[in-house]
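Participant: Given next are the chains, with one letter for each unit.
2 protein chains.
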Amino acid sequence: MKIALVGVGLIGGSFALAVKRRRLNVEVVGVDKNIDNLEKAKELGIIDRYESLEEAVNQVDVVILAIPVDALTKLLPQVLDLVKDDQLIIDFGSTKEAVCLSVAEHKNRKCFVAAHPMAGTEYSGPQAAFSTLFEDKIMILCEQERSGEVQLNLFHEICKNLAMKVVSMTPKDHDLHIAYVSHLSHISSFALSTTVLEKEKDEKHIFAMAGSGFASTVRLAKSSPEMWSPIFVQNQNNLSGALETYIKQLSSFKELLDKKNAEEMNEFMKEANKIRPIIDGIR
Amino acid sequence: MKIALVGVGLIGGSFALAVKRRRLNVEVVGVDKNIDNLEKAKELGIIDRYESLEEAVNQVDVVILAIPVDALTKLLPQVLDLVKDDQLIIDFGSTKEAVCLSVAEHKNRKCFVAAHPMAGTEYSGPQAAFSTLFEDKIMILCEQERSGEVQLNLFHEICKNLAMKVVSMTPKDHDLHIAYVSHLSHISSFALSTTVLEKEKDEKHIFAMAGSGFASTVRLAKSSPEMWSPIFVQNQNNLSGALETYIKQLSSFKELLDKKNAEEMNEFMKEANKIRPIIDGIR
Numbered sequence: 115m116k117i118a119l120v121g122v123g124l125i126g127g128s129f130a131l132a133v134k135r136r137r138l139n140v141e142v143v144g145v146d147k148n149i150d151n152l153e154k155a156k157e158l159g160i161i162d163r164y165e166s167l168e169e170a171v172n173q174v175d176v177v178i179l180a181i182p183v184d185a186l187t188k189l190l191p192q193v194l195d196l197v198k199d200d201q202l203i204i205d206f207g208s209t210k211e212a213v214c215l216s217v218a219e220h221k222n223r224k225c226f227v228a229a230h231p232m233a234g235t236e237y238s239g240p241q242a243a244f245s246t247l248f249e250d251k252i253m254i255l256c257e258q259e260r261s262g263e264v265q266l267n268l269f270h271e272i273c274k275n276l277a278m279k280v281v282s283m284t285p286k287d288h289d290l291h292i293a294y295v296s297h298l299s300h301i302s303s304f305a306l307s308t309t310v311l312e313k314e315k316d317e318k319h320i321f322a323m324a325g326s327g328f329a330s331t332v333r334l335a336k337s338s339p340e341m342w343s344p345i346f347v348q349n350q351n352n353l354s355g356a357l358e359t360y361i362k363q364l365s366s367f368k369e370l371l372d373k374k375n376a377e378e379m380n381e382f383m384k385e386a387n388k389i390r391p392i393i394d395g396i397r
Numbered sequence: 115m116k117i118a119l120v121g122v123g124l125i126g127g128s129f130a131l132a133v134k135r136r137r138l139n140v141e142v143v144g145v146d147k148n149i150d151n152l153e154k155a156k157e158l159g160i161i162d163r164y165e166s167l168e169e170a171v172n173q174v175d176v177v178i179l180a181i182p183v184d185a186l187t188k189l190l191p192q193v194l195d196l197v198k199d200d201q202l203i204i205d206f207g208s209t210k211e212a213v214c215l216s217v218a219e220h221k222n223r224k225c226f227v228a229a230h231p232m233a234g235t236e237y238s239g240p241q242a243a244f245s246t247l248f249e250d251k252i253m254i255l256c257e258q259e260r261s262g263e264v265q266l267n268l269f270h271e272i273c274k275n276l277a278m279k280v281v282s283m284t285p286k287d288h289d290l291h292i293a294y295v296s297h298l299s300h301i302s303s304f305a306l307s308t309t310v311l312e313k314e315k316d317e318k319h320i321f322a323m324a325g326s327g328f329a330s331t332v333r334l335a336k337s338s339p340e341m342w343s344p345i346f347v348q349n350q351n352n353l354s355g356a357l358e359t360y361i362k363q364l365s366s367f368k369e370l371l372d373k374k375n376a377e378e379m380n381e382f383m384k385e386a387n388k389i390r391p392i393i394d395g396i397r
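Protein chains in written order, with our numbering: chain A, 115 to 397; chain B, 115 to 397.
With the rest of the complex left out, here is chain A (with noise of 0.2 Å):
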């Protein structure tokens, strides 16, 4: 099988590098708009070569978008002008909706699956990648009933080899979703390390007294913005909600707070630990 890798960042790199640890006989060609990129990913075994995107979704069976949601809406239109009937491309991007609709009347949509592996770390770059980073994590598929048979099969069997399981939903359920559970944990992160940065600026009582606590709570501040701000452009009218919603949480707890009524602040802690068989179940 040959497979068009278009972005060879973390997620990029890591599909890849699943799939070539599982199949035989798997040629990867890279696509990037970044040279060093390309040849890192080339040295590191994520890639076999690189091409232009033409060249590349001309020899392939399969192409992987794995580039940021801003430039997927440009580029997944653009990739179906040029695919023949059999060929499956498979996107890889944090928002559903506005990648659906940009090719939602495309003469080749059958073409494309629309999908978001549930997995990812803090880290970007094809120097990130790691074989495992997919398994045994969810596959969200949007939108499988204006998918090919030929393609939704050839999308399984690669899943199914991967050790992932796939969950069928649709652009509106997954974006509005993936506000609660993924973004609005990046937001948190990012405003609690701006809050702390500005008020220690003189690092000494950071390096003494954080501890674990607040590196787990901070770690996803690390995240590329570039690789966020599309996805928050993108999902700004879910985000926006959830995010007022987490502000009046906090709002609320702090009326708590300067009131000192341990009581109440009791109650909100104990609402909030009824997250544990959650956080426990998550893989």
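Honestly, the hints are just simulated from the structure, not real lab data. Any given hint might turn out to be false.
Identical copies go unnamed one by one, so any copy, or any two together, can satisfy a pair.
To be verified - Simulated crosslink set (DSS-like; lysine-lysine; CA at most 25 Å straight-line):
hint	residue 1	residue 2
1	Lys286	Lys313
2	Lys315	Lys384
3	Lys116	Lys134
4	Lys362	Lys374
Starting from the known structure of chain A, fit chain B onto it as the hints suggest.
Facilitator: For chain B alone, kept in the frame of chain A given last:
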């Protein structure tokens, strides 16, 4: 050496296990208002036996107070009433101003060393204790000028034995900075949890879509309300300012989000990225 361990939970229990592993001839006498915890701690080898507070204090060289900070400010003066000249009393409270104030005028103040080990997990109780929790961590020491020489020497010897680095600061500095690098993280997690749980009532989507990033930011929401509400009450004046700044940062971000201002969101996140070397330096 004989130690009275008042509070046989995560922190006290981990301390006892660590001391026992590193010193021969240590006997630990447990004191706790919860008899089940005492039995459990004995079963786990954390304590050798248990006694009433008064009897325990009478028999030992060192008293460790590892209890919620509201109980601590009540109990610490009572313990100092009971001590002899050469005994060492250490508290492990997460706030320091109120604790130090509670014995500021006590005739046996010099027997007391005010400390805060920068270590913990989101779990609690003796079953959560483990012997390496304190290893290579920071021990904050406050008001060292008010502790006796004998007591300080023994305190430093114990910390050295546990492979902990002692950092000295005023109670005021401690409480201000800890509000930012520990207490605020907990509130951000508790509120993230209630925000998501309020939205995701049926849990189906959380289970499918939440990944390691969400787990990381919300992990501290599993923490014990009974331990945290007294900390929040005692550190309300510092924490209120930290929380206000955090809410302001989130509101600023929301404004940029609602304007879909990708450029300024990028700038915000680039600022937040500056936390990278700090987290990487956390043990």
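Participant: How would you classify Lys116 and Lys134 at a CA-CA limit of 25 Å: within, between, both, or neither?
Facilitator: For Lys116 and Lys134, the Cα distance is within 25 Å only inside one copy (11 Å; across copies 60 Å).
Participant: For the identical chains here, do Lys362 and Lys374 meet the 25 Å Cα criterion within one copy, between copies, both, or neither?
Facilitator: both (18 Å within a copy, 21 Å between copies)
Participant: Given a CA cutoff of 25 Å, do Lys315 and Lys384 count as a within-copy pair, a between-copy pair, both, or neither?
Facilitator: between (34 Å within a copy, 16 Å between copies)
Participant: Quick one: Lys286 to Lys313, C-alpha cut-off 25 Å, is that within a copy, between copies, both, or neither?
Facilitator: between (39 Å within a copy, 15 Å between copies)
In summary, the structure agrees with every hint in the numbered list given earlier.
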